[in-house]
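Colleague: Sequence:
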Amino acid sequence: MSSTDSLQDLEKGRIPSNKEVEDVASFQTEEEQAQGSFEQRSTASSTHQRAGLDDVESQSDEVVPQEDDEDGLPDVRTKYDMGSASWRLHWIAAVAEFCGTFVFLFLAYMICNAAGHAWDSHEYPDAMLSHPAAVVMIAFGFGFSLMVAIYLFGHISGGHYNPAVTAIMMLLGEVTPTRGVVHWLAQMCGGMAAGGCAAVLTPGAVKYTNTLGLHVSRSRGLFIEMFGTAFLLITILMTAVEERGALNNQAPVAIGVSLFVIHLALVPHTGCGVNPARSFGAALSAHTFPTYHWIYWVGPIFGVMLAWGMWKTLQDLDYKYWLRVDAKAKSLRKSDRDARAQRK
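Sequential numbering of the sequence shown, starting at 1, is according to full-length UniProt numbering.
Simulated from the structure, these hints should not be mistaken for laboratory data. Errors might be hidden in some of the hints.
In the SDA-like style, the derived pairs of lysine to any residue whose C-alpha atoms are separated by at most 20 Å in a straight line are [to be verified]:
no.: 1; residue 1: Lys334; residue 2: Arg324
no.: 2; residue 1: Lys312; residue 2: Met170
no.: 3; residue 1: Lys328; residue 2: Arg340
no.: 4; residue 1: Lys320; residue 2: Asp336
no.: 5; residue 1: Lys330; residue 2: Thr239
no.: 6; residue 1: Lys312; residue 2: Leu89
no.: 7; residue 1: Lys320; residue 2: Thr235
no.: 8; residue 1: Lys312; residue 2: Gly213
no.: 9; residue 1: Lys312; residue 2: Asn249
no.: 10; residue 1: Lys334; residue 2: Trp322
no.: 11; residue 1: Lys320; residue 2: Phe227
no.: 12; residue 1: Lys330; residue 2: Thr313
no.: 13; residue 1: Lys312; residue 2: Phe227
no.: 14; residue 1: Lys320; residue 2: Gly309
no.: 15; residue 1: Lys320; residue 2: Met310
no.: 16; residue 1: Lys312; residue 2: Lys328
no.: 17; residue 1: Lys344; residue 2: Lys328
FRET-style restraints, in silico, Cβ to Cβ [said to hold, decoys possible]:
no.: 18; residue 1: Ser331; residue 2: Thr291; range: 28 to 38 Å
no.: 19; residue 1: Glu242; residue 2: Leu185; range: 23 to 33 Å
no.: 20; residue 1: Glu243; residue 2: Ile92; range: 38 to 48 Å
no.: 21; residue 1: Met238; residue 2: Leu185; range: 55 to 65 Å
no.: 22; residue 1: Thr178; residue 2: Leu332; range: 44 to 54 Å
no.: 23; residue 1: Ser217; residue 2: Phe289; range: 15 to 25 Å
no.: 24; residue 1: Glu174; residue 2: Asp336; range: 36 to 46 Å
C-beta: ideal position from N, C-alpha, C; glycine also.
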């Protein structure tokens, strides 16, 4: 008879024999030993797990690069905010600035050459292209080419494509000095590449260089370039940098239209540089640097200072706050007028 049967007999009330009693006692002893062994194993397992947790906690203070976070992105707190990764971001920005500058200036140079060869007339003997139709065509070329380039690569690098734009962004703290230098190099290389390609691909003389118009002195040209650059920069600051909600999405349109209008005003007088990369790339492709080429560098520098001064003045006046105050005052006055009208 098994030990289990003996236990059942005990439960039924039958008196077991001595042998059966010994079997039951032996079974209970084995069961207790098995239970004790299970408890020991459970205790050892929990102790081991606790030790593992302690090891993890002791290692949590160490900086361990995590490959991915909950969003699937690298842990930028450890390795992606220093070392070669930052230079990778600089290279990405450089490629975007180069490509954007190339697209912008290549299309504009090609349109400018087409306008020059189509409307080359002795009726307008200026050194610049001053035929009204040519001026409009050139203005469209530069304005809309810039708009397209900003839409293409602006979300990667900011869409500067102009050393003057990068300079004012550095003054405002929007761009670090290292990133600014990277942008400058990429923009100059993009301007030279665009000028060279346009010169090779279009027949005839290069028509997109910057030269002074008739009776335009160097001092006049300098101030014309200064004001043109300042107008372009303040447009960029008020539409792209200034927080204006949904209107920021239309910044490329406003910037392109502003450059279009600036070209309408400046092309007959200075050729409308307002961009050292544009002026240098064109002069290099034409193998000619006029003695007054410096105004296309100094003028934009002065324009940066003027635009920065205008921006700082508006910020120091806290114009956003006072505009809100004025709007609230107008609303209260309107409410008072409506209340008086109802009482009457």
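Colleague: Sort out which numbered hints this structure fails and list those numbers smallest first.
Modeller: Failing hints, ascending: 4, 5, 6, 8, 9, 11, 12, 16, 17, 18, 20, 21.
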